[in-house]
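Trainee: Each chain, letter by letter, is given below.
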Amino acid sequence: KQEVTQIPAALSVPEGENLVLNCSFTDSAIYNLQWFRQDPGKGLTSLLLIQSSQREQTSGRLNASLDKSSGRSTLYIAASQPGDSATYLCAVWGAQKLVFGQGTRLTINP
Amino acid sequence: SQTIHQWPATLVQPVGSPLSLECTVEGTSNPNLYWYRQAAGRGLQLLFYSVGIGQISSEVPQNLSASRPQDRQFILSSKKLLLSDSGFYLCAWSGDRSRSSYEQYFGPGTRLTVT
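Order-wise, the sequence lines are chains A and B. First residue of the first sequence: 1028, per my numbering; consecutive thereafter. First residue of the second sequence: 3, per my numbering; consecutive thereafter.
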């Protein structure tokens, strides 16, 4: 059974810092990996999708990496801003469905 | 472009009452459709998914059911709500079956409070 773990559960940093969110999964036989953002009381917004054959994806200040062999992914946020404050969720695709981590609640302090 | 709609946005229902939440997707065909629940302080729990009209897979035994009467419509129902059914319900879709990326997109959610 696939299990996804995100560390840390919460993170608070001052504005302008670069930061890394971690995601690990137990079964390396994944189809792809997806990072989401969730604002309080809102649905999930897809940030980045990394296919199993890829090593990383970039979108603006965000960069996600994937190491299938070690069962790890990282989300790198450059030059953090208060608007980046949200919960970030990692999810891996198995057969027909996503398995989610518990998320990292990120707070960027002005 | 594709959009996903859910309604209602907020719902307060008494214990024992019925439930019907609706989700529709626009701008795509043959999507895979999903219902999730997010309880307070807990992660996302997959409830049902569907790969086609009338095809429903249940992930968790419970008093909820799902139906897919049309290609882009997904309905979550209950005959009698329990207090434990309270939560944030999210509908999602992934790329149609002819594509391989399976990127998943979520709707705005329905906040259900059972009193």
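The set of hints was computed from the structure by calculation and includes no laboratory data. Honestly, I wouldn't trust all of these hints.
What the hints assert, rightly or not - Partial chain B-side listing against chain A, Cβ under 7 Å, derived:
1. V17
2. L21
3. E24
4. L49
5. G89
6. Y104
7. Q106
8. F108
9. P110
Every residue, glycine too, gets a C-beta built ideally from N, C-alpha and C.
Trainee: For every hint, state whether the structure bears it out.
Mentor: Consistency of the hints with the structure:
{"no.": "1", "hint": "V17", "result": "23 Å, violated"}
{"no.": "2", "hint": "L21", "result": "19 Å, violated"}
{"no.": "3", "hint": "E24", "result": "15 Å, violated"}
{"no.": "4", "hint": "L49", "result": "11 Å, violated"}
{"no.": "5", "hint": "G89", "result": "12 Å, violated"}
{"no.": "6", "hint": "Y104", "result": "6 Å, holds"}
{"no.": "7", "hint": "Q106", "result": "6 Å, holds"}
{"no.": "8", "hint": "F108", "result": "4 Å, holds"}
{"no.": "9", "hint": "P110", "result": "5 Å, holds"}
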